[in-house]
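Engineer: Residue-level listing of the chains:
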Amino acid sequence: MKSVTKYKKSNISSIPFTGDDWELVEGVRNGNIGACTAFYDRYSIHVQKVLTRIMGPDQEIMDLCNEVFFQSLKSIDKLKDPYCLKAWITQIAVFTGRRCIRKRKRTNWLKFVPFYELPEMDRLYGASEIPDKSVRDVRDVISKLSPDDQIVFTLRYMEQMEIAQIADACGYSLRTAKRRLASCEVRFKKIAKDYPLIANRLQSSEKWRNR
Amino acid sequence: MNEFNKFLTDAAKVEDNIVESEFNKEVYRDRFIVHAAEITGTVSRSFPLFRVLAVAGVLGIIVLSVYIFQNDASVKTLETPQWISVRGGEDVERTFADGSKVVLLSGTKARISSQGPENKIVTIENGMASIHVVHHTNTNWSVMAGPYNVKVTGTRFSVSWNAETEYFELKLFEGQVIVNGPLIENGQILNGGRVLTASISNQNVAIGSLAGEDSDSNSELEADEAVKNDKKTESKEFRAIRKTGKRPAAKELLESANKMRLSGNIDEAKKMYLNLRQNFSNSPQSNTAALYMGRMLFDQERKYKEAAVWLQIYLDNQTDNTLKRETLGRLMEAQYRSGMKQKASMSAKKYIELYPEGPQAALAARLASE
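Residue numbers (our numbering), protein chains in the order written: chain A, 195 to 405; chain B, 3 to 372.
It is worth saying that the hints were derived from the structure and are not from the lab. Please note that a few of the clues may not be correct.
Unchecked claim - Here are the simulated DSS-like cross-link-like pairs (lysine-lysine), alpha carbons at most 27 Å apart as the crow flies: (1) A/Lys383 - B/Lys15; (2) A/Lys372 - B/Lys8; (3) B/Lys272 - A/Lys384; (4) B/Lys8 - A/Lys280; (5) A/Lys384 - B/Lys103.
Said to hold, decoys possible - Sample of chain B residues lacking proximity to chain A, with all beta carbon distances greater than 10 Å (derived): (6) Ile35; (7) Ala165; (8) Ile209; (9) Ser288; (10) Asn323.
Yeah, the Cβ is synthetic: ideal placement off N, Cα and C, and Gly gets one too.
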């Protein structure tokens, strides 16, 4: 049953481009449209997940996902080791997400409400079967962190990535990634005090209570 | 994992579900494929020299425009020329405010620019245009077809210029025009119902009637026409092969067809694959052509029903098991997408039987159970 879930998406939409990442990269570099499509099919779910972690279920997620792939097609010649394709595209996704968040924060003064409180966000969350408001609240808290903190926090605690992987994706050293993670945990806790549902959950978790 | 971390991972799953339910991913995938074709086309060309030349060209135009404007205030601003390259099978039509109309036929490359509302310049780099100019007192239309200049007032005509063969043709249906250019340096007045052809490479100019009689050099004109019409039906690749004077081998033809397919020239690729299958029916390339035909119809044209037919042909005529798994998987998908659920189910069962661990086994299992 597990394997069914794993292959479900790719089977419906994939093109059988036989070959590993090295061949895939070669195909893309040579302008083989089949390889480009296979590239998208192979990594779109991963990119989409990384972007969703960083930005939440935003309305622009799929546009950003395509943007990541356009960027990677344009700069595929710069990829040194084709076997690092996944890590490389993760980095592009992180940078794309960060750029988008920064741009929004810069233009936030034009709006009366932050983007995550816009009506369309209500509609997005409202469409799902959420047991309580806490999922929405946790996204609110994350959105109040700085863009870099948002990325580190969500990749670590929501996507369960290793710190070394986060450092790689964000372009940090391991030490910087650890330091940033520690500082953003503190900030998260501080902001979460204004959200009773999140604060209660933090209090009930011994590890987070003592941080 | 502590409780709060578990809550965060659950929240991530909720957000993933929202994204899954909110977006039609097929639309974004299709959009990507379309843009990828454009991007991969530009990757190979994006060398710095090209960019430098483009920037230099733009700067040159700006400097020239400023110079002209400062030196002669009475000169009307030259609007940015509209570059049109007609690809695919459909003609492009431009209608102007005064009722004049320009139709650029498939394969034509042209620029349309205007100097004020009355003065229009149509420059045909290559190809054929059908033009209908509505006469007004101030109307001043100029059509440049390669080195030829056609001065127009009010008339209806078609003009073509083939840069490769240096062949010019003007068919004037009504009105009067003056044509200038190589071999007719002093200008030639042409009246309605006449056709003027000029072949620079053959140093020949001919004027005839549109019906074909009274031609000054009919035979040459017809010969040129025949070559031209013949060339219309064959691709550049075919022409290149024809120039070598020998019949193309199946392998060469397949390579050329693949090039066409990968460059997005689907119609040409189809012709070549069909040609290969007709002329080299016993060659191994013939069956490969069927596979590529199926893939092309599947990926690029989304004609799943036709794709299924070609993929089935490939599988039926296969002598070895090359790409059998992939083709069977794709056949199953094509049949499913084209609504042939029973056939898709049968293909799926076959797939599971042959490749229970194959990459499309999960989909096959689902289709087989439907």
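Engineer: Now tell me, hint by hint, if it's right for this structure.
Structural biologist: Structure-based check of all given hints:
1. A/Lys383 - B/Lys15: With Cα atoms ~22 Å apart, A/Lys383 and B/Lys15 stay inside 27 Å; holds.
2. A/Lys372 - B/Lys8: Cα-Cα ~21 Å, so holds.
3. B/Lys272 - A/Lys384: violated (65 Å)
4. B/Lys8 - A/Lys280: Between B/Lys8 and A/Lys280 the Cα gap is close to 26 Å, so the pair holds against 27 Å.
5. A/Lys384 - B/Lys103: At roughly 69 Å apart (the allowed maximum being 27 Å), B/Lys103 and A/Lys384 break the hint.
6. Ile35: Violated, because the least Cβ-Cβ distance between B/Ile35 and chain A comes to about 6 Å, which does not exceed 10 Å.
7. Ala165: holds (26 Å)
8. Ile209: Since the minimum Cβ distance to chain A is about 47 Å, B/Ile209 lies beyond 10 Å and the statement holds.
9. Ser288: holds (21 Å)
10. Asn323: Holds, because the least Cβ-Cβ distance between B/Asn323 and chain A comes to about 13 Å, which exceeds 10 Å.
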